[in-house]
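Engineer: Listed here are the chains, written in short residue letters.
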Amino acid sequence: EAQVTQNPRYLITVTGKKLTVTCSQNMNHEYMSWYRQDPGLGLRQIYYSMNVEVTDKGDVPEGYKVSRKEKRNFPLILESPSPNQTSLYFCASSPRQGNQPQHFGDGTRLSIL
Amino acid sequence: QKEVEQDPGPLSVPEGAIVSLNCTYSNSAFQYFMWYRQYSRKGPELLMYTYSSGNKEDGRFTAQVDKSSKYISLFIRDSQPSDSATYLCAMSPGGYQKVTFGTGTKLQVIP
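Protein sequences, first through last, are from chains A and B. Taken in order, the first sequence gives residues 1 to 113; the numbers are from this note's numbering. Taken in order, the second sequence gives residues 114 to 224; the numbers are from this note's numbering.
With the rest of the complex left out, here is chain A (with noise of 0.2 Å):
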């Protein structure tokens, strides 16, 4: 079955410990991204990878970092997580950026005290 694996699925912890989500995809997919949701917001893009080691910035990357070393997977990484990072977050997957719908993972809720 094709689809975009989250973990973990929901995580509270306290401000400044790293934590890491991880995301894996099975569809062999280029293109890998990373969203947050929240209320009246949206979804707004953190960072995206079109291939393995090619990362890049999207609206709202501070405080997260991603790597890309394997096309399957792409973690996201808070160094020093704050309580303004508390938020839903979606791992998404496609062929490649633009033109081509994402399948998303079901999301991690991450609550940082």
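Treat the hints as calculated values from the structure; they're not laboratory data. Some clues are possibly wrong.
Residues of chain B clear of chain A, computed beta-carbon distances all greater than 12 Å [as the list claims (entries may be wrong)]: (1) K155; (2) E158; (3) Y184.
DEER-style ranges, computed between Cβ atoms [to be verified]: (4) A:T5 <-> B:G129: 34 to 42 Å; (5) A:T5 <-> B:N140: 28 to 36 Å; (6) B:L159 <-> A:R44: 18 to 26 Å; (7) B:D191 <-> A:K17: 36 to 44 Å; (8) B:L159 <-> A:K71: 42 to 50 Å; (9) A:E53 <-> B:E158: 26 to 34 Å; (10) A:P8 <-> B:N168: 25 to 33 Å; (11) A:N84 <-> B:R190: 40 to 48 Å; (12) A:K17 <-> B:N135: 40 to 48 Å.
Computed, partial: chain B to chain A, Cβ under 7 Å [claimed, not checked]: (13) V126; (14) G129; (15) A130; (16) M147; (17) Y152; (18) F214; (19) T216.
All C-beta atoms in this analysis are idealised placements derived from N, C-alpha and C, irrespective of residue type, glycine included.
Fit chain B to the known structure of chain A by using the hints.
Structural biologist: Frame of chain A, contents of chain B only:
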């Protein structure tokens, strides 16, 4: 002004009603238009995907694009309680340009 505007709702309709969901946009470069459905505690899933202007029908769902007015619509006929979800519009100029999402409209279909 946001690049894509979408009424957040909530929109509440009786079962069997025709539902109209809309988005307006300001970027005339947008060529690809998508509608996603998002159930509670789930990720968005693609519902409809159209290129340029015109209509596209898939079962009870019809997507319309009017590029001259910068306006897109999603119609749901014979709405069902299972259609209760948040609907997100999304659009892109194509190529390697990013996709821009609307904020979503929450729909509730009452049995």
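Engineer: Go through the numbered hints given earlier and state which of them the structure violates, listing their numbers in rising order.
Structural biologist: Of the numbered hints, 1, 2, 7, 8, 10, 13, 14, 15, 17 do not hold.
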